[in-house]
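Here the structure of chain A is known, so what remains is to put chain B with the ligands in place on it, guided by the hints.
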Amino acid sequence: MLNINNLHASIDNKEILKGLNLEVKAGEVHAIMGPNGSGKSTLANVLSGRDGYEVTRGEVRYMDKDLLQLAPEERAREGIFLAFQYPVEIPGVNNVYLLKAALNAVRVHRGEPEMDAVDFLKLVRERIKVVNMSEELLNRSVNEGFSGGEKKRNEIFQMTLLEPKLAILDETDSGLDIDALKVVAEGVNRLRDPDRSIIMITHYQRLLDYIKPDHVHVLSRGRIIKSGGPELALELEEKGYDWVNAEADAA
Amino acid sequence: MSDVLSHYLQEHERRYPEGTGDRLGELRQSALQEFRNLGFPTRRQENWKYTDVRKLCKHEFRINDDVVDLPAGRIESLPIARPDCHELVFVNGRYSPAHSRADKLAAGIIVTDLAAALNQQPELVSDHIARYSDTASSGFTALNTAFLQQGSVISLAAGAVLDKPVHLIHINTQQQQPYSGQLRNLILLGDNSEGTVIESYFGLDDAVYFTNSVCEIRLDPGSRLQHYRIQQESSNSFHLGHTTVRLQKDSRYESSVVSLGAELSRTDLNCRLEQSGAVCVLNGLYMVNGQQHTDHHIRVDHTVEATTSTQNYRGILDEQGRAVFNGKVVVHKGADKTDARQSNANLLLSDKAEVDTKPELEIYADDVKCSHGATVGQLDKNMLFYLRSRGIDEHTARSLLTFAFAGEIIRNIHMASIRERLEQLVLGRLPDAETIREFTHE
Ligand SMILES: Nc1ncnc2c1ncn2[C@@H]1O[C@H](COP(=O)(O)OP(=O)(O)OP(=O)(O)O)[C@@H](O)[C@H]1O
Ligand SMILES: [Mg+2]
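For the protein sequence lines, the chains are A and B, in the order given. For the first sequence, numbering that gives the first Met the number 0 assigns the number 0 to the initial residue and increments by one for each residue that follows. For the second sequence, numbering that gives the first Met the number 0 assigns the number 0 to the initial residue and increments by one for each residue that follows.
You may find that some hints are simply not true.
With a cut-off of at most 30 Å between alpha-carbon atoms, the simulated DSS-like pairs for lysine-lysine come out as follows [stated by the list, open to error]: (1) B:Lys-327 x B:Lys-357; (2) A:Lys-13 x B:Lys-380; (3) B:Lys-380 x A:Lys-64; (4) B:Lys-380 x A:Lys-164; (5) B:Lys-380 x A:Lys-17.
Under 10 Å between C-beta atoms, here's a sample of chain A residues computed to sit facing chain B [said to hold, decoys possible]: (6) Ala-70; (7) Ala-75; (8) Arg-76; (9) Phe-83; (10) Pro-90; (11) Gly-91; (12) Leu-102; (13) Ala-104; (14) Val-105; (15) Gln-157; (16) Leu-161.
Calculated from the model, a selection of chain A residues having no Cβ within reach of chain B, i.e. all distances over 12 Å [what the hints assert, rightly or not]: (17) Glu-27; (18) Tyr-203; (19) Ile-223; (20) Asp-241.
Treat the hints as calculated values from the structure; they're not laboratory data. All C-beta atoms, glycine included, are put in the ideal place defined by N, C-alpha and C.
In isolation and in its complexed conformation, chain B is listed as follows:
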């Protein structure tokens, strides 16, 4: 067995010396077995062809158990969008009650950290956890389940409406030893319930760590979830995120994924439209520079009649940045009247940047409307010339067009405070931020 595998097995032994026990203990134990069998993915696996995680395997990340409190005002000083929300804060992969505040919740609504839920609502957790996400899908998911302890549970009873969004804030600081946060979120929306969940991941300075986050979402008939996922991890970190969504009749899932940070990040999003009328709208924006690598894998399964999905992802690559996009749509047998649209556009700002994009459509039904398209290009010469012919200097014109490219995704973000923060973040990565800020506003 490789060193890195035995490292995690030892970590497991250190934390759970008594072995199995209750259902959760069994779950962890069997996931550990699965992890032992699967190991970390290699590029020989089709799904990991363009993303090499060997670098991540070089570190022996300690599974963090320590509660780290940040100095007062520290969180406020970070460039994280913080609209008025119920906030659960995790520092270095561990829940921090001191920084969190879930205000009074209406009846039928549970917003709590996973460790507390395991104590207080063990059935709620064990009825759902690891039922939607497939542990066998990759070693990372198995690893996450093996260490299941930290994370969040958000549950809305039938008809419940969240008064304000739930914000899961993950902050990572530099620690002496590289560490890992294994985070597990469970989001359950009952019939016709409605809510917004924001996941933010932020890394300070050059902190070296590994975030492994798995999110399971179940949307009962008629429910609606808006889900934001904003990744601003530190430049020396590794970020793995795996989200699975199960959609029932007439439910609606809207997701905005924004990936800006991490040395290496991989984000999986799997949606299963299991009953008619279900809709998912998936938007994404990724930006890489330096030596960053980012990988987005999406899979949408249309399993029954009359479901709808759209994917719209855009990427901006500078310097030696690399990106992978794989968007797969599977229209199952009998899933007639499926409407599936997919588009991925990439802007290369440097000739050393590289992108591998692959839209995939598998259709086993007849009466469907499907479209897909992927583009990789540079800034449009005609647009550049037009701007310059109006007196705009070349640098500004480039930044302006780059920002406009990202704007196609950002403008679809409903929450104004998040939209504006993202504009700032994107602008912050471009030259002439000040000059171009105002003339991109509509």
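The following block holds chain A by itself, in its conformation from the complex:
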């Protein structure tokens, strides 16, 4: 599904990713943990094509395509979805119409017919229940005046509707109360499928109680310095990151 090989990326000539390797196979769930400022969001942004990052070395293959050659909207249509750490408010752009446009962009790209308003609304009603989000939020402007938790829920709702092939969740669990956390987890678990992959960036092992990852990685100083199974998350929770960094320095 996704193959990242020796990825170096900088912003304003400052190197943030320094030779990152990661392979995500179809059907897998990967958790990425790591200290603040280590480059986790940078990785998510580079994968989804945000401007301003310069990839100086390495490559990223996504379903046998050179991902870095694609515009952000092309990546989205190819099935990449980023749930933002800080979803932006867009006054004047209607939430539900954005969703419809997003969904139809994917469908048209796949050569499927656009979904009409009736079918679309049916789908929306069904999926909004999954994330337990108020229908009232649908007709507001995108994220405008949403609480922090509502914004995160909206991201998961979009994901549930768009059914991406590769979902990247950047700290979607941060700032959520326990009920919302369960909702997010349910949204993600529903999406689990042999053809789909998920990358979850998180600081908390708690999320992993609800969504069991296949692999856990530590991203520190711009590289994946350690990988393991779910038990690694528990170990990190207990001992912090110093020992992994020390291990990496020694190697």
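Just chain B with the ligands, lined up with the frame of chain A:
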């Protein structure tokens, strides 16, 4: 004297050879003198620092006297919002009875063209005309008064309520010789009366002309006016608009100014809140592209206690478009409990576009609530990326955000038919109009 000044003096002589006479004749004559002294403004004047009218002075615009009738169905075919209204239609600056229709009006309501009012209600006109607008404020106002003849009078007696809006429709066509419409509107609302007035200015194709319009508004205690001003002049035209509003106790003035057309346009709006409880709400949207230049000057005077004003103007500039915004609020001595808010936001879509924005606050009272802010920026990168990350292509995302920016003003427009027409007009200037239309609806 410059050629252009003597041109207008000759035009005056041609039309009013007998000189003074009645009070109106005297008024025209003294305004002409004033115009002769003031001339057209130059950039040395603080108020005209960023707007150069020399191009306008190159033309010898003929003051149009001809009645031009348009072919049947022509007006209907134009992209002008036309809600159900009493309509006064002016073609090339002259009243056109054939196209106008003021349906039966309730007692105490006068809606008529100025020339008719000068015949039928001369006192009504001479009691009010040129009393609210300051002829000396600029050469353009003086010029307008010097040629006072065409325009409208709308007068509501105490307690009268207009059954439907009055729409002043100005249509300009191409004529062999460049021409000018000198239009004067007088709007008088008696105690507790209420009404809506729409001014539309529309130019066909590449018509070359100069609209000089002055509007005087007096709102007596408790009256309420909704005023729309929609400018879609032709791309070779010049548009000057000067509105003065005097607000008495507890009266309310709501204005929406939309400026889309003209090669050069300048819109002045002066509100004087003269008695407590008066409120003015001023919204505006301007869009320029190509080589267009638009200038909005607002001045609000809070002269007594407990009055409120808000200004919210937005501009979208593309290509080499230029815009000027100057919003001045003066809180006079003793005008405590004034609440004055002002904001002007500009969106630059091209790096060749330019805007000069200046909010000004002069406060001579202590207990006031005032705020002002001006911004100039490009489309928000984070918003653009968010939309693109959801599969929306870059062009569409840009149009969408641009439209959303304008939407902040458009959505405040009460009249649905005008709001929808404006949405169409704004959309019509953006790429991917069809795609973005639906997802901006709330
Ligand atoms: N636009 C930018 N300009 C300069 N430096 C930046 C920019 N964006 C990110 N950085 C820097 O890149 C580094 C990595 O940031 P990133 O957001 O990827 O960290 P993170 O691992 O997601 O952290 P957190 O856990 O706090 O979310 C940080 O040192 C950050 O300050
Ligand atoms: Mg981050």
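Status of the hints after comparison with the structure:
1. B:Lys-327 x B:Lys-357: holds, 8 Å
2. A:Lys-13 x B:Lys-380: holds, 20 Å
3. B:Lys-380 x A:Lys-64: holds, 26 Å
4. B:Lys-380 x A:Lys-164: holds, 26 Å
5. B:Lys-380 x A:Lys-17: With Cα atoms ~26 Å apart, Lys-380 (chain B) and Lys-17 (chain A) stay inside 30 Å; holds.
6. Ala-70: Result: holds, 7 Å to nearest chain B Cβ.
7. Ala-75: Holds, about 4 Å.
8. Arg-76: Holds - the Cβ of Arg-76 (chain A) comes within 10 Å of chain B, reaching about 5 Å at its closest.
9. Phe-83: holds, 7 Å
10. Pro-90: The hint holds - Pro-90 (chain A) has a Cβ within 10 Å of chain B, the shortest such distance being about 6 Å.
11. Gly-91: This interface hint holds because 3 Å falls under the 10 Å limit.
12. Leu-102: This interface hint holds because 8 Å falls under the 10 Å limit.
13. Ala-104: At 3 Å from the nearest chain B Cβ, Ala-104 (chain A) passes the 10 Å test, so the hint holds.
14. Val-105: At 6 Å from the nearest chain B Cβ, Val-105 (chain A) passes the 10 Å test, so the hint holds.
15. Gln-157: Where the cut-off is 10 Å and the nearest Cβ of chain B is about 7 Å from Gln-157 (chain A), the hint holds.
16. Leu-161: holds, 8 Å
17. Glu-27: Holds, because the least Cβ-Cβ distance between Glu-27 (chain A) and chain B comes to about 22 Å, which exceeds 12 Å.
18. Tyr-203: The claim holds: Tyr-203 (chain A) sits with its nearest Cβ about 24 Å from chain B, beyond 12 Å.
19. Ile-223: Ile-223 (chain A) is indeed farther than 12 Å from all Cβ atoms of chain B, at 23 Å.
20. Asp-241: About 34 Å separates Asp-241 (chain A) from the closest Cβ of chain B, which puts it past 12 Å; holds.
Figure legend: structure checked against the earlier numbered hints; every hint is met.
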